[in-house]
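Participant: The lines below spell out each chain.
There are 4 protein chains.
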Amino acid sequence: MGKELTAGIIGAGRIGRLHADHLTRRVPGVRVKTISDVILDAAQNCARETGIPNAEEDASRIMEDEEIDFVVICSSTDTHAAFIKEAARVGKHIFCEKPIALDIGEIDQALEEVEKYGVKMMGGFNRRFDSNFARMQQLVSEGRIGEPHLLKITSRDPAPPPIEYIKVSGGIFLDMMIHDFDMARFLVGDEVKEVYANGAVKVDPEIGKAGDVDTAVVTLTFKNGVIGTIDNSRKAVYGYDQRAEVFGSGGMVDSENMSENRVHLATGGGISEDLPYYFFVERYTDAYIEEIRQFVDAVANDTPVPVTGLDGKYAVVLGWAATKSCREHRPVKLSEIDPGLE
Amino acid sequence: MGKELTAGIIGAGRIGRLHADHLTRRVPGVRVKTISDVILDAAQNCARETGIPNAEEDASRIMEDEEIDFVVICSSTDTHAAFIKEAARVGKHIFCEKPIALDIGEIDQALEEVEKYGVKMMGGFNRRFDSNFARMQQLVSEGRIGEPHLLKITSRDPAPPPIEYIKVSGGIFLDMMIHDFDMARFLVGDEVKEVYANGAVKVDPEIGKAGDVDTAVVTLTFKNGVIGTIDNSRKAVYGYDQRAEVFGSGGMVDSENMSENRVHLATGGGISEDLPYYFFVERYTDAYIEEIRQFVDAVANDTPVPVTGLDGKYAVVLGWAATKSCREHRPVKLSEIDPGLE
Amino acid sequence: MGKELTAGIIGAGRIGRLHADHLTRRVPGVRVKTISDVILDAAQNCARETGIPNAEEDASRIMEDEEIDFVVICSSTDTHAAFIKEAARVGKHIFCEKPIALDIGEIDQALEEVEKYGVKMMGGFNRRFDSNFARMQQLVSEGRIGEPHLLKITSRDPAPPPIEYIKVSGGIFLDMMIHDFDMARFLVGDEVKEVYANGAVKVDPEIGKAGDVDTAVVTLTFKNGVIGTIDNSRKAVYGYDQRAEVFGSGGMVDSENMSENRVHLATGGGISEDLPYYFFVERYTDAYIEEIRQFVDAVANDTPVPVTGLDGKYAVVLGWAATKSCREHRPVKLSEIDPGLE
Amino acid sequence: MGKELTAGIIGAGRIGRLHADHLTRRVPGVRVKTISDVILDAAQNCARETGIPNAEEDASRIMEDEEIDFVVICSSTDTHAAFIKEAARVGKHIFCEKPIALDIGEIDQALEEVEKYGVKMMGGFNRRFDSNFARMQQLVSEGRIGEPHLLKITSRDPAPPPIEYIKVSGGIFLDMMIHDFDMARFLVGDEVKEVYANGAVKVDPEIGKAGDVDTAVVTLTFKNGVIGTIDNSRKAVYGYDQRAEVFGSGGMVDSENMSENRVHLATGGGISEDLPYYFFVERYTDAYIEEIRQFVDAVANDTPVPVTGLDGKYAVVLGWAATKSCREHRPVKLSEIDPGLE
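Protein chains in written order, with the working numbering: chain B, 1 to 342; chain V, 1001 to 1342; chain U, 2001 to 2342; chain G, 3001 to 3342.
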């Protein structure tokens, strides 16, 4: 562990409060000095609960503060790119929640500034730090299943977000499946070249009226020939469902869904277990802590961050490719979205 | 149970011998009178082992025999349609191994004769009778998962067949995935309208040279909006892998792969289980017995057979649609293969 | 496989019919010539169903028949020893259902005759041939868990037998736990020197009035220092429960209970599976077939039988020791039951 | 949540540091003011790491401090009773690690003081707060398995403690199985009346030379007739093994052992999982947090504590009864240890 670091958090919504809690209580070697939110009350409440000394309405208080080593960007998506650029220019390291931006051009500009000013930037793909998926990736990368051939990811939410949120979310492929696109690249260790997306409105007709789908299956073709599928549903009545499987020339690795206990009840009516963790906060608490801990480590020790800005861009490109494929009902190459990606 | 029935078996290869064994030892109410094979030795050996009194080179001995109530067609695929038509004309009920034929026109003609002469005909989709898949179908059809939204089928063989076999097999979609197409229709309880197929040569380059793929993923769109995926590999080093999952508005039903025991060994190196059943004979013995038992029941009691000739046709149409999709790299509607299917 | 063997079955009750079915349909190399039962109708019905040519009231028809190579004794327990002695004297090999007798002296006499006339004798401990327990024993005997330290056996029936049966059964330790005593010796590969038994009447007060218990836990101390426990209940509402675990210096091996499928249903109310196999016929069909097949093999090839008469005796001695321990509320050495056993 | 509470921690060994960490970071509504340890360095180190303002050598600094509402006693076992009495007299609530004392008379005196001065006292049986065992207890107490009949607890450590520790530990029944005795009472919801213990030296002969055993099985007879077994080993090479099962008239509830992930690796050699959590810190972190959180809640809101001093006494009585039973090779009633317990 290197020197103690000073942090500023931008955004005191659900995910901002979660990072505030973890950085103040669960990650050693960090002092959170300031949290900002456009709703000052939110920043003040979070500061009070977690013992952060300063709450601000304006994030520039953080950007201007020379004591602050890194920022954690948890504000609304449309502000991410601007904050990244600003932080880079003032020499602060950056942890930014997904997505960097919905516009590829904006992402490129933000990443250029990060590059130019030589700060570290890490994207918020927390699932990579889950004990299941991290272990799977390790086994695959060690060659324990030989050359990967097939990938399957199942990712289902317990309930759809409010329809107002869905309308501005960018759609299921950019809002929800973006995590699975990152997981796919993480597990296979190679880049996707083409996607084919199928979507349906099965959960709520209002989602269809909003121009989105709530049930989707995407087939991914990787450069190394791996064929992957991702299935998403906005509503699994039994709770959050997060599983993956990688099959290769030498075997298969897969992970079960997680629940709080492994208790079985056998009665005359059958054998039953409790439901899985309800949603991402319950399921991924440890992953969120490990994620930010590794970011802090990388900053403290000046080592590479485990999730890069480019990882963040790829996930968005995949989201757009899937969106286009679903609309045009044909396979779409990533180079159609970003000609720079062959 | 109705009257005792007399059976003739056409073909004494692996699957013919399997049915001979089951019909003589495991299914009550049946007498197998004759088995035929173009290689007389094969028929004689099987007859001796199972106690079937007559072995013939020529299947017409079976067709001409007025005592014989039904035929079990296990000869090579290219002879199925002709035998079906012949059996129908002489009023014998028919159990025919998959596929009925690779040519849709031939299938239609065969099914017309079956219709015209009013005999029963059942296709050999044994997996429907597996205790796992039968239970899943029951739960889905009872509405226990609400309206189906998503389907996943994993089906992997332990090792590819000889390359000479692959060359004449019709390709992975018609030879191997045909079982999964039937399973998809069986589990969802609706018809597919479109398929999108991705294939790769990952197991053996010789398979690629033969114009086939050995690794494949197909996305199915059903008329009711269900989106399904099937993944196939010709080689899973850990053995036969047969699993399925149906997800719906009210829940999910899935089945694990099967092995001979549920023993765990925990040592300092990890916790391990034995491999699953090696291949279809080990995994599906009980399903094969149940399949032919239900056919015999249907004939004896003059009730409908559980798998129809039309089921057999659909699976072949799906195989051709997937083949076309894989070659043309685009989604293919079933009506492109058979305009009669909307 | 050696020469074809001719068999006679004594007793056409449930277990006799089961062996008749297996010997006629599932075990190659055997012809069952005669089945006898003191209720001639029972013998005749079984003969008709399985195609056995002769049904007799008197077992001496079997004993006198020089063509018959071996007898399968499935009659009532009190007749076992006499039939064993008679069969031994006429040079027939013997498969005898458990227990050989309830009286140790009778067992010793029967085993002496078997020894004297040099016939093979195998006891009916079918569970040794179950794919789970056979695999566990193999792993233990191969040293995969090092030196065994602890053993646990759980064995619960779905429902108690009729109270009239219980009254003449010899009690839970001799009627039900006898199988588990054999399993304990089989899995550990050593002899028990002492037992301590606890019993309770929890299922049905009528069982208590009959002088028996319906819930029991026995601690076994083996000569090699392994400590084992067996728990029995006459009534598990969720069905037959058959599990075991052996723990040692190098690890642990255990087996789960078995059910017909591995299907899971996840709904808003929980995740559920179907119940296990209902009772021994459902659970152990394959084990019964394998048991009698191995006996036939041993006779045909003149090799040792896998379960000996002495195995049969040990199980009864353990049953008596546990009965005594439960009554006298203290640990009981096996040598208190049979001074020959140190 | 009531008012903020002030805490003092006595003892800065492994378990003291663990509680210090949880009380400062993971439990809201508490300020830890002072930590003491007879080794002042240990107290100072812990204070520095967790931000506790005062570190003392002498626990009287805590006892005298009127600001302190409750003490957490984590010192060596022989000091527990004295600290309890002292804390009671100065009106501080008490959380005390197990065991209260090894001497029953001392326990009684300590509990009398607690009673007399009306402070709350909770014993440290952390496993009751594990998500598995808590859920099992809930299901049993709700009657979901009907009337309990049988109980099984498996509890095995990954490696024995140093032999010097074992010599002063009180022996396996008072040091290790004491947790399982409490679990047995917790799960069954009734009191034990008699125990029968079997022990063996299988792990390390040095343990035997120290007069202790390292492998033990205890049978418990409850007042309500439930028969329970507990098995302990000081060394499970595959890691910490913590499982339980309760069987009753209406069904069974059981829990599997826990591991960090649910990843499976299938290769040609078998299907494997990672080892379980290594030991109690890894396995029971969440349980420790929940335990102390519930204690703090009870103090803050003046509600009953979930584990009482009497619970602490019962576990010690059971430990002595098992020790006596193992030595005298006979079942021992609890009233032989404490005539007050019938």
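Keep in mind that the hints were calculated from the coordinates and are not lab data.
For clarity, every value in this text was computed on a predicted model and none was experimentally measured.
Be aware that a few hints might be false.
[Claimed, not checked] Below 30 Å or equal to it, Euclidean Cα-Cα: the simulated BS3-like pairs (lysine-lysine) are: (1) G/K3333 x U/K2333; (2) V/K1120 x V/K1193; (3) B/K193 x V/K1120; (4) V/K1209 x B/K333; (5) V/K1120 x B/K333; (6) U/K2333 x G/K3223; (7) U/K2235 x G/K3333; (8) G/K3193 x U/K2235; (9) B/K209 x V/K1324; (10) U/K2209 x G/K3333; (11) U/K2324 x G/K3223; (12) V/K1003 x U/K2033; (13) U/K2209 x G/K3116; (14) V/K1235 x V/K1324; (15) V/K1167 x B/K324; (16) B/K333 x V/K1223.
Participant: State for each hint whether it applies.
Facilitator: Do the hints match the structure? See the list:
1. Restraint check: the Cα-Cα separation between G/K3333 and U/K2333 comes to about 22 Å, which is no more than 30 Å; the hinted pair holds.
2. For the hint pairing V/K1120 with V/K1193, the CA-to-CA distance comes to about 27 Å; that is within 30 Å, so the pair holds.
3. A threshold of 30 Å between alpha carbons decides the hint, and for B/K193 with V/K1120 the separation of about 49 Å lies outside it, so the pair is violated.
4. A C-alpha spacing of about 26 Å is found between V/K1209 and B/K333, which places the hinted pair at or below 30 Å, so the restraint holds.
5. Between V/K1120 and B/K333 the alpha-carbon distance is near 49 Å, which puts this suggested pair outside the 30 Å criterion.
6. Using a Cα cut-off of 30 Å, the hinted pair U/K2333 and G/K3223 holds, with the two alpha carbons roughly 27 Å apart.
7. Of the supplied pair hints, the one linking U/K2235 and G/K3333 holds, its CA atoms being roughly 28 Å apart against a limit of 30 Å.
8. Straight-line distance between C-alpha atoms of G/K3193 and U/K2235 comes to about 25 Å, which keeps the hinted pair within the 30 Å bound.
9. Proposed proximity of B/K209 and V/K1324 is contradicted: the alpha carbons are some 34 Å apart, above 30 Å.
10. Restraint check for U/K2209 and G/K3333: the C-alpha separation of about 26 Å stays at or below 30 Å, so the hint holds.
11. Distance hint between U/K2324 and G/K3223 is fulfilled; the C-alpha atoms sit about 22 Å from each other, no more than 30 Å.
12. For the hint linking V/K1003 to U/K2033, the alpha-carbon distance of about 27 Å falls within 30 Å, and the restraint holds.
13. Distance hint between U/K2209 and G/K3116 is unfulfilled; the C-alpha atoms sit about 49 Å from each other, more than 30 Å.
14. Our distance criterion of 30 Å between C-alpha atoms is met by V/K1235 and V/K1324, whose separation comes to about 23 Å.
15. For a cut-off of 30 Å, the pair hint linking V/K1167 to B/K324 is broken: about 37 Å separates their Cα positions.
16. The straight-line distance between the Cα atoms of B/K333 and V/K1223 is roughly 27 Å, inside the 30 Å bound, and the hint therefore holds.
Hints 3, 5, 9, 13 and 15 from the earlier list are contradicted by this structure; the remaining hints agree with it.
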